[in-house]
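J.: Chain by chain, the residues:
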Amino acid sequence: MAHASTQGHHDAHHEAPSGFFRRWFMSTNHKDIGTLYLIFAGLMFFIGGAMAMVIRAELFEPGMQLVQPYFFNELTTMHALVMIFGAIMPAFVGLANWMIPLMIGAPDMALPRMNNMSFWLLPFAFTILLSSFFLPGGAPAGGWTMYPPLSIQGGDGIAFLIFFVHLSGISSIMGAINIIATILNMRAPGMDLLKMPIFVWTWLITAFLLIAVMPVLAGGVTMLLTDKYFGTSFFNAAGGGDPVLFQHVFWFFGHPEVYIMILPAFGIISEVIPTFSRKPLFGYKAMVYATASIAFLSFIVWAHHMFTTGLPLGAELFFMYATMLIAVPTGVKVFNWVTTMWGGSLTFETPMLFAVAFVILFTIGGFSGIMLALVPADFQYQDTYFVVAHFHYVLVTGAAFGIMAGVYFWLPKWSGHMYSERWGKIHFWLSVISVNVLFFPMHFLGLAGMPRRIPDYNVAFADFNMISSIGGFVFGASQLIMVGNIIYTVFFAKRKASDRVWEGAKGLEWTVPSPAPHHTFSVPPVIDDSLLAHGDVSH
Amino acid sequence: MRFGGIRNGALALAVATGALSAAAVRANPRPWQLNLPEGVTETSHAVWDLNMASFLVCVGIGIVVFGAMIIAMFRFRKSRGAVAEKWSHSTKLELVWTIVPVLILAGLAWPATKVLLQNKNTAGAQMTIKVTGYQWKWRYDYLDYEGRTVKKVGFMSSLAFSSNKVRQLDSGLSPYSVKAADGSNDYLLNVDHLLVVPVGVKIRFLVTGGDVIHSWWVPDLGWKMDAIPGLVNAAWTNISKPGIYRGQCAELCGQDHGFMPIVVKAVPKAQFEQWLAAQEDGARLDKAARTAQASIPHGPGQG
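Residue numbers (our numbering), protein chains in the order written: chain R, 1 to 539; chain D, 1 to 303.
Hints were generated in silico from the structure; no laboratory data involved.
Using N, Cα and C, we set each Cβ at its ideal position, and we do this for glycine too.
One should not assume that every hint holds.
To be verified - Computed cross-link-like contacts, DSS-like style, restricted to lysine-lysine with a CA-CA straight-line distance of at most 27 Å:
id	chain 1	residue 1	chain 2	residue 2
1	D	86	R	496
2	D	241	R	285
3	D	86	R	195
4	D	265	D	92
Claimed, not checked - Simulated DEER-style distance windows between Cβ atoms:
id	chain 1	residue 1	chain 2	residue 2	range
5	R	46	D	177	52 to 60 Å
6	R	134	D	173	53 to 61 Å
7	R	466	D	183	17 to 25 Å
8	R	480	D	70	26 to 34 Å
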């Protein structure tokens, strides 16, 4: 690639700022900010994971052994908030920061200073959230869903949670605006919308979801705040309000939020599978349309989280049918991934292993989703461990596995070194086995009648809980291998990565040197359609 | 084994799951239980069928999709000399896997709609019980029975003492030591005052919350209903077999959310009428004795 080598030469004149503070705290560089996001997400993953370990330890056997029930509720609430807003979402924004400019041939994000600010809001937001553990009355304990009246019953932790939501919401909205502005304005000439990598497409759609729903959440929690401190009665039945209204507002945010946490993972998987199948992505356009359909449907299914609140029959039927409809575009995606592999020339490096596991395990999460969509059946499943199993399959073996696939996939490009394939595979196999030991028995527990968010249970639930906890401890410990592998790759690995890194890699990001220089594509690249991941889509 | 076709199905997993739950005439959760209880009402049976139907549909789709994937992973390995093909599009295929899932989903939506219509129809109830969720106990008020108003029969129902002392942090007591009268373990699933109901009677439940949101759930009845302050939700059941059916609060309601179980004791109609009359007499004679447990075999602490 002629233009790539001139690129490298050009960039030599613009290296990263020398001072640590200047480089990392005042950065406006999409790669450095992407790195910051990813490190932050990793840190939060382990903080949220530590909470999960205490939860699983308490649930290891029946009886109360470790924590008080109220503290248990603080842990389940904070585990969810930290994992959703601290680990999954920032990790995706980090990947977007790193990869979107590289994939569309842009020199940086469209709004670099805002990029810096949207990251640096997060450490403050999470300081506020996590500091609530030390308040009198403790951290919020009403569940991450913050249903009133319970959520405003406790101490001032809820106020900290609400300010946290505002800050991280502003961060997300700014990040989303930046991503949309970048994708719509900064594409290299010839990078038409329908030639963009699927990862860019999924993020474009995700960014619109973020802008649409984060303000709704901010409004909802602000009403909670005024209900608690200023005597309003939005959700207070005694004052003429309605507790169920909050659930509608929350899930109008909450359901698109679910797709905010999975669409970028769909994008990553759509990059990884063609690369290691050495075959163009099957049905590129269908993938784009399916993503857009899922995004649209995500706005009209929110009340399926509320089937047991006594909705009228017509509403329950509508939300059931709309929810079931989501299975169609999601199915298209899964079928397209499988068909991409069919007739390919497959190898199974760590990113591909995580991608294959993603397709299978995410689909299992989708299956339980279809079961949950059936209203009468949901009357049994709702608020049980069956639901816990469902959303952990979607979020851990879905979103988190997608992120892991992406990290292994692009780490050589970021660091310039190959990670240890052997330790990557050990990480994968330990994770994929333990995650199923952890979450699969939860289906049985829920069906047998164990409600979620309880710190203790009848002895009939003991066996599967113990199995699940053992899986949880192994899964938690396995993630340290990934950290070790990343540190090794960045600081100690000797094996240099080539520019292309993977034999089947296609797309602009692989035309720049490894490690990617501090500045890339200062001069727009020439787009050659045959070098794009999905091949020629003109037909 | 209520869902036709399971027994002859070739799917070993489904058979095993079905067989295990077919044994669920006893109403408590059992160790290693894998599936929903079939329950003791028409609704719970219909829900169980729906549960199995959707599960088997998912297993079927899973076999096709994961099967194709596994075949691809073996057949198209580079190490076996596979050379990548170039195609990346087929409108025909994509139409097929858009339309076929729609048809499958419609096939599931149809029975689901039927069961839902049945589930929502509280008309024709012969009896009404008001259920109120409190932190962290339930209140039951018998409002009417066979067309007449029940006079002042209502009581609180909270976690039985035998469970409550064991569940304290570091109590040093074993959850395995908490036993019901029949010898089965009822740790965290026993209450001081049971909800006594007749079998073979359509009972309407009016469910509401007194402080925060709770959810009233007995798996053997086949549904749960949120107990929301300021809102009265209606649900119904018609229990076919006498027995003791246990459930728990299903909506996070604070620190003791895990410790407010529900126990329903379904008795033959005549026995229920006797019990109800005694309760009404008690209410008339002595307000304080309203919650007397004289005619209930399981007294406080043994529920």
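J.: Each of the hints needs a verdict: does it hold here or not?
T.: Comparing the hints with the structure gives:
Taking the CA atoms of residue 86 of chain D and residue 496 of chain R, the gap is near 30 Å; set against the 27 Å cutoff, the hint is violated. Pair hint residue 241 of chain D plus residue 285 of chain R does not hold up; C-alpha atoms about 56 Å apart against a cutoff of 27 Å. Among the hinted pairs, residue 86 of chain D with residue 195 of chain R is consistent with the structure: their alpha-carbon atoms are about 17 Å apart, no more than 27 Å. For the given pair, residue 265 of chain D sits about 58 Å from residue 92 of chain D by alpha-carbon distance, which is inconsistent with the 27 Å threshold.
A beta carbon spacing of about 38 Å between residue 46 of chain R and residue 177 of chain D contradicts the range 52 to 60 Å that was offered as a hint. The hinted window of 53 to 61 Å between residue 134 of chain R and residue 173 of chain D is violated, with their beta carbons roughly 32 Å apart. Look at residue 466 of chain R against residue 183 of chain D: about 23 Å separates their beta carbons, and that is inside 17 to 25 Å. Taking the beta carbon of each, residue 480 of chain R and residue 70 of chain D are about 30 Å apart, inside 26 to 34 Å as hinted.
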